[in-house]
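Visitor: So you can see what is in the structure, the chains are spelled out below.
There are 2 protein chains.
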Amino acid sequence: MIGVFDSGIGGLTIVRELLRKLPGYRLIYFGDTARTPYGTKSPETIISYAIQDTEFLLEHGAKIIVVACHSASSVATEALREKFPEVPIFEVVTPSVKKALSVTRKKIIGVIGTRATISSGVYQRKVAELDPEVKVYGNACPLLVPLVEEGWLKKPETRRIVKKCLIPLKMRGIDTLVLGCTHYPVLKPVIQAKAGRRVTLVDPAEEVAEEVASFLSQHPELERELARGEDHQIYVSDLTEAFERVARLFMGKKVKLLKADCEMSHVIKPNASC
Amino acid sequence: MIGVFDSGIGGLTIVRELLRKLPGYRLIYFGDTARTPYGTKSPETIISYAIQDTEFLLEHGAKIIVVACHSASSVATEALREKFPEVPIFEVVTPSVKKALSVTRKKIIGVIGTRATISSGVYQRKVAELDPEVKVYGNACPLLVPLVEEGWLKKPETRRIVKKCLIPLKMRGIDTLVLGCTHYPVLKPVIQAKAGRRVTLVDPAEEVAEEVASFLSQHPELERELARGEDHQIYVSDLTEAFERVARLFMGKKVKLLKADCEMSHVIKPNASC
Numbered sequence: 191m192i193g194v195f196d197s198g199i200g201g202l203t204i205v206r207e208l209l210r211k212l213p214g215y216r217l218i219y220f221g222d223t224a225r226t227p228y229g230t231k232s233p234e235t236i237i238s239y240a241i242q243d244t245e246f247l248l249e250h251g252a253k254i255i256v257v258a259c260h261s262a263s264s265v266a267t268e269a270l271r272e273k274f275p276e277v278p279i280f281e282v283v284t285p286s287v288k289k290a291l292s293v294t295r296k297k298i299i300g301v302i303g304t305r306a307t308i309s310s311g312v313y314q315r316k317v318a319e320l321d322p323e324v325k326v327y328g329n330a331c332p333l334l335v336p337l338v339e340e341g342w343l344k345k346p347e348t349r350r351i352v353k354k355c356l357i358p359l360k361m362r363g364i365d366t367l368v369l370g371c372t373h374y375p376v377l378k379p380v381i382q383a384k385a386g387r388r389v390t391l392v393d394p395a396e397e398v399a400e401e402v403a404s405f406l407s408q409h410p411e412l413e414r415e416l417a418r419g420e421d422h423q424i425y426v427s428d429l430t431e432a433f434e435r436v437a438r439l440f441m442g443k444k445v446k447l448l449k450a451d452c453e454m455s456h457v458i459k460p461n462a463s464c
Numbered sequence: 191m192i193g194v195f196d197s198g199i200g201g202l203t204i205v206r207e208l209l210r211k212l213p214g215y216r217l218i219y220f221g222d223t224a225r226t227p228y229g230t231k232s233p234e235t236i237i238s239y240a241i242q243d244t245e246f247l248l249e250h251g252a253k254i255i256v257v258a259c260h261s262a263s264s265v266a267t268e269a270l271r272e273k274f275p276e277v278p279i280f281e282v283v284t285p286s287v288k289k290a291l292s293v294t295r296k297k298i299i300g301v302i303g304t305r306a307t308i309s310s311g312v313y314q315r316k317v318a319e320l321d322p323e324v325k326v327y328g329n330a331c332p333l334l335v336p337l338v339e340e341g342w343l344k345k346p347e348t349r350r351i352v353k354k355c356l357i358p359l360k361m362r363g364i365d366t367l368v369l370g371c372t373h374y375p376v377l378k379p380v381i382q383a384k385a386g387r388r389v390t391l392v393d394p395a396e397e398v399a400e401e402v403a404s405f406l407s408q409h410p411e412l413e414r415e416l417a418r419g420e421d422h423q424i425y426v427s428d429l430t431e432a433f434e435r436v437a438r439l440f441m442g443k444k445v446k447l448l449k450a451d452c453e454m455s456h457v458i459k460p461n462a463s464c
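In the order they appear, the protein sequences are chains A and B.
When we follow my numbering, the leftmost residue of the first sequence carries the number 191, and every step to the right adds one.
When we follow my numbering, the leftmost residue of the second sequence carries the number 191, and every step to the right adds one.
Think of the hints as simulated: they come from the structure by calculation, not from any bench.
One should not assume that every hint holds.
Because identical chains cannot be distinguished in the list, a pair is counted as satisfied if it fits within a single copy or across any two copies.
Derived lysine-lysine pairs resembling DSS-like cross-links, with alpha carbons at most 30 angstroms apart [what the hints assert, rightly or not]:
1. K353 with K378
2. K443 with K344
3. K444 with K354
4. K345 with K360
5. K253 with K360
6. K297 with K443
7. K354 with K446
8. K384 with K353
9. K296 with K449
10. K273 with K443
11. K443 with K316
Let the hints inform the model, and build the full structure from the sequences given.
Guide: Now the structure itself:
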């Protein structure tokens, strides 16, 4: 199976894109809703959570791992590759950077994301590796996640907050903007309107799905190992009505969420050993 | 020591009030910043977390427990009293309800809080027990916590969102409004302005501190057991600069946050046993 994890429900935007680009492959998802969000937490904590999430997916039959969470992609990818050297691990930052580099004309890229993602400076480092001439400016927009989760996609408050969030980037003259959080693509119309028509938006969900598809086409031995079928499993560490509502928003249809029980119980059960 | 726990940093508003009303007593605080917030999570998950938080405080010498988190107070108090029958456990709902009942003239009370708090219906139940003639209307305002944590205390977006949040309660004709979340008291000026001068705000921090003080004056045997001193301990399960900034906002001065290490490590460490 293809394993995907996220701090919560937002990673379903990646699942949706994977299903579109790689129909027929079985997918397993883990959303850590019991500890969501990750983007406000420290790198050390995010790394620990990401390792646990990956272990859950591997124990349930995942053969490759897609880190859907931008905060985890930004701070935990290296630790995951070190801890699980045999497992192909994909993350959302690198494919977004490649795409952004291929579309920017003025060589000035903007990135919006959570505080953890932006503070990590990972976009600056990746761009510097690939094309040191390109400038990258980031801005943390922590209010966008709760606005999306409330379903406030078109409210005037959301428009105003998006506008404020983009001002420092527009002042830098960006012509390309990476949507560096799983939640942001559902705000695309508002973000495009406030960024201006001349700014190209990069949606990491599309890019990472493309990268996984291309990797599999080059690795037929792994492709054969992945299970086929339509019975995808969407696990969460905590289940509420609000999470189900948000899942629907991100997948574009109703989704059955499974509560991850004993497997992730150290997350939510008392008396876990120290 | 007097033990206080919260889903994060907001409970420091209660600590501040306890220090004011009960100067000289040693305090230990635990803020579960590694899993914050609680208010978006399910009752089962909140109960499990509240039990772990209480165990942490008791293991560190707390003799009485104050549940500063409104979401935990709303859904976990009963479970905590069952699990720790010997420990006096205080929560923020009951004293707020008592205060609201004592000030309402029209017998119509409003409550704002997180989704978990409002969905629990605990305010309605408590009021019905004490005065069945009084009506209570609740409204969940999940955006206020992230706005406060961003320090957006006076921005026009915050004013607009507060206004929207209060409209359904004002339409019911409330004359008293319980600030049912640790974060809301820092928004008092905006909330008062939007609620109108005739609406009395109830700040649970003041009420719970009053209740603890009154309980101790009636239980000298317990009062003697509590340690004295100024060396309060403020523990968190995750530490970031943003948490330190918010702590300062809530305490009104700089606070030294201690990272809870091994003791709460099942929260953040991998390989915790299932």
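Visitor: With reference to the structure, classify each hint as holding or not holding.
Guide: Right, here's what the structure says about each hint:
1. Proximity of K353 and K378 under a CA criterion of 30 angstroms is satisfied in both settings, with 13 angstroms inside one chain copy and 27 angstroms between copies.
2. In this assembly of identical chains, K443 and K344 lie within 30 angstroms of each other by CA distance solely inside one copy; the values are 20 angstroms within and 38 angstroms between copies.
3. In this homomeric assembly, K444 and K354 come within 30 angstroms of each other (Cα to Cα) only across copies, at 29 angstroms, whereas the closest approach inside a single copy is 33 angstroms.
4. Proximity of K345 to K360 under the C-alpha cut-off of 30 angstroms is found in both arrangements, the shortest distances being 22 angstroms within a copy and 21 angstroms between copies.
5. Taking the closest pair of Cα atoms, K253 and K360 never come within 30 angstroms of each other, the shortest separation being 41 angstroms inside a single copy and 55 angstroms across copies.
6. Within a single copy, K297 and K443 get their C-alpha atoms no closer than 38 angstroms, and across copies no closer than 44 angstroms, so neither meets the 30 angstroms cut-off.
7. When the C-alpha separation of K354 and K446 is checked against a cutoff of 30 angstroms, the pair qualifies neither within a copy, at 36 angstroms, nor between copies, at 32 angstroms.
8. Proximity of K384 and K353 under a CA criterion of 30 angstroms is satisfied in both settings, with 6 angstroms inside one chain copy and 25 angstroms between copies.
9. When the C-alpha separation of K296 and K449 is checked against a cutoff of 30 angstroms, the pair qualifies neither within a copy, at 47 angstroms, nor between copies, at 44 angstroms.
10. For the homomeric pair K273 and K443, neither the shortest alpha-carbon distance inside one copy (35 angstroms) nor that between copies (41 angstroms) is at most 30 angstroms.
11. Proximity of K443 and K316 under a CA criterion of 30 angstroms is satisfied in neither setting, with 35 angstroms inside one chain copy and 39 angstroms between copies.
Violated hints, listed in ascending order, are 5, 6, 7, 9, 10 and 11; each of the other numbered hints is respected by the structure.
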